[in-house]
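In order, the protein sequences belong to chains W and Z. Going left to right, the first sequence walks through residues 1442 to 1644 as my numbering numbers them. Going left to right, the second sequence walks through residues 1442 to 1644 as my numbering numbers them.
It should be emphasised that the hints constitute simulated quantities derived from the structure, not laboratory data. If you're wondering where the values come from, they're calculated on a predicted model, not measured in any experiment. Some clues are possibly wrong.
Copies of the same chain look alike in the list, so a pair counts if it works inside one copy or between any two.
Calculated cross-link-like contacts (lysine to aspartate or glutamate; reagent style DMTMM-like; alpha-carbon spacing at most 20 Å) [as the list claims (entries may be wrong)]:
hint, residue 1, residue 2
1, 1542, 1613
2, 1629, 1537
3, 1629, 1604
4, 1504, 1585
5, 1469, 1617
6, 1469, 1500
7, 1459, 1604
8, 1634, 1602
9, 1629, 1557
10, 1569, 1579
Number of protein chains: 2
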Amino acid sequence: MNKVGLLVVLSGPSGSGKDTILSELAHKGQNIKVSTSLTTRKAREWEIDGEHYYFVDKDYFQKKIEEGQILEYAVYGNNYYGTPKGPVDAWLEQGETVILKIEVNGAEKIRSFYPDCVSIFLMPPSLKELEERLRKRETEDEDEIQRRLLIAAEEIRRSVEYDYYIVNDAVECAAEDIYAIIRAERHKTQRMKYVISEVINNA
Amino acid sequence: MNKVGLLVVLSGPSGSGKDTILSELAHKGQNIKVSTSLTTRKAREWEIDGEHYYFVDKDYFQKKIEEGQILEYAVYGNNYYGTPKGPVDAWLEQGETVILKIEVNGAEKIRSFYPDCVSIFLMPPSLKELEERLRKRETEDEDEIQRRLLIAAEEIRRSVEYDYYIVNDAVECAAEDIYAIIRAERHKTQRMKYVISEVINNA
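If we strip away everything but chain W, and leave its shape as in the complex, we get (with noise of 0.2 Å):
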C-alpha cells in the first residue's frame, strides 16, 4: 500500500496563537510533525537550535535557496526566513502529516508546489483582541505594534484563499479544530485511493 502524507499549511497573523496552537497539538501526540524554519537571524536567549528554528549564516541560506532546498522565503528587515525542502518531502513519503507555520505569500507558493496541501487560517477572536495581546506581549515597540496590525488586516483579507478558517477564541477548542480537520483530510476518498483500489479489486 502506498502511503501519503498530508500537508497542512497554518497561517494567521502574529498574535492569532499559532504557536500555542501548535505546541498544544504536539502534546495530543498525534504523530503530527511541524516542519522547522530555517533563518538567518540570531537566537534570541531562550531559542533552542533546531527546535524554533535552524539558525544559520547567510552564505548558508543563499546556497540552499540555489539548491532548490527552500520551498518559500521571506526577508524581514535583515534577516531571511525559509522553509526547508527536505525533511518535508522525507516525512510526506512516510505517510506523515506535516504543518508548515508560514505567512500569507509563502502559503501562496506551497500550494502551488503541493496542490493536495490543506490550509487553514487562525484568526484571533478580534482585531482589538490582537493588539491586546501584541502589546502584551512587550517585546515590540509602537511602531512595530502599528506595522504587525497593518499587516494582520491585510493577511485577513487574504484569508478566503484558505481551506479553512478558525477563530481562536480558545486554544483548546481551536486545537481540536485544526485536529478534526486533519483527521478528516486524512478520510478524503482522493487521499485514500490506494486502500480503496485495493478493496474494490477484492470485492
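Use these hints to put chain Z onto chain W, whose structure you have.
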C-alpha cells in the same frame, strides 16, 4: 449573520453499520439531525412511526412525489422508500447539521440538488466481515444475503464518488471520524463566508 447548515450524506453497504454509528453520533449530543425516511412498507413490531420511518400508504407517497416533496426515493420489492424534503430544508435554514442515510443512487440525486453537501462512504472492514454480519442478523434468507452481497460489491465500486471514505473497524472510532468530518467541514472557508466578510469589513 446568515446561517449555513451542513448536509451530510451517509452511504454504505447493508451491514456496514450505518444505524449503529448514527445512534452513536446522536448520543454525542452534537446537534446532529438525522433525517427520517418515508416508507410504504409495514412497520416491524419494534419499529416506531416517526423514529425509524414515517410509515405511510402508497397514495400519500405518490402525492408527495408529485408535490416535489420527496428528494429521492427507491423501490425495493413492492415498497417505496424516500427522503422528505421539508424537514431537511428547514433544518439547513436553521444552520443545523443534517445527516441523510441513503444508498448510492439516492446520494447521486442529493448531490445534484445540494452541491454543497458532504458525502461519506462507510465501509465494513472486509467483504468477509460484511457477509458474517449479514448472517448474524438472521433476518434474511440465503438468497437475500447473496443479493445483498452483490449489491454491496456494486456499491463499494461506487465509493469513489464520495468525498470521504471511512472503514468501520470499530463503531466508536468510525463515529469519531464522522464527527471530525462534520467539525472540519463546518470550518471550511466557503461555509464561513458570512463570518469572514464581516471580519474583513471591520479589518
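Inset, instruction - With 20 Å as the alpha-carbon cut-off, assign the pair residue 1629 and residue 1537 to within, between, both or neither. - result: within (15 Å within a copy, 22 Å between copies)
Inset, instruction - At 20 Å max between alpha carbons, let me know whether residue 1469 reaches residue 1617 within a copy, between copies, both or neither. - result: Close inside one copy (9 Å) and across copies (16 Å); limit 20 Å.
Inset, instruction - Classify it for me, residue 1634 with residue 1602: is the Cα-Cα distance of at most 20 Å met within a copy, between copies, both or neither? - result: between (26 Å within a copy, 11 Å between copies)
Legend entry - 20 Å Cα threshold - placement of residue 1585 relative to residue 1504: This pair counts as neither: shortest intra-copy Cα distance 31 Å, inter-copy 68 Å.
Inset, instruction - Up to 20 Å between alpha-carbons, please classify residue 1629 paired with residue 1557: within, between, both or neither. - result: both (11 Å within a copy, 16 Å between copies)
Inset, instruction - Could you figure out if residue 1459 and residue 1604 sit no more than 20 Å apart (CA to CA) within one copy, between two copies, both or neither? - result: within (17 Å within a copy, 28 Å between copies)
Legend entry - 20 Å Cα threshold - placement of residue 1500 relative to residue 1469: Neither: 38 Å inside a chain and 56 Å across chains, both beyond 20 Å.
Inset, instruction - Up to 20 Å between alpha-carbons, please classify residue 1629 paired with residue 1604: within, between, both or neither. - result: both (14 Å within a copy, 6 Å between copies)
Legend entry - Status of residue 1579 relative to residue 1569 across identical chains (alpha carbons, at most 20 Å): within (16 Å within a copy, 63 Å between copies)
Inset, instruction - Give the relationship of residue 1542 and residue 1613 under a CA distance limit of 20 Å: within one copy only, between copies only, both, or neither. - result: Cα proximity of residue 1542 and residue 1613: one copy only (18 Å, versus 32 Å across).
The structure is inconsistent with the numbered hints 4, 6, although it conforms to all the rest.
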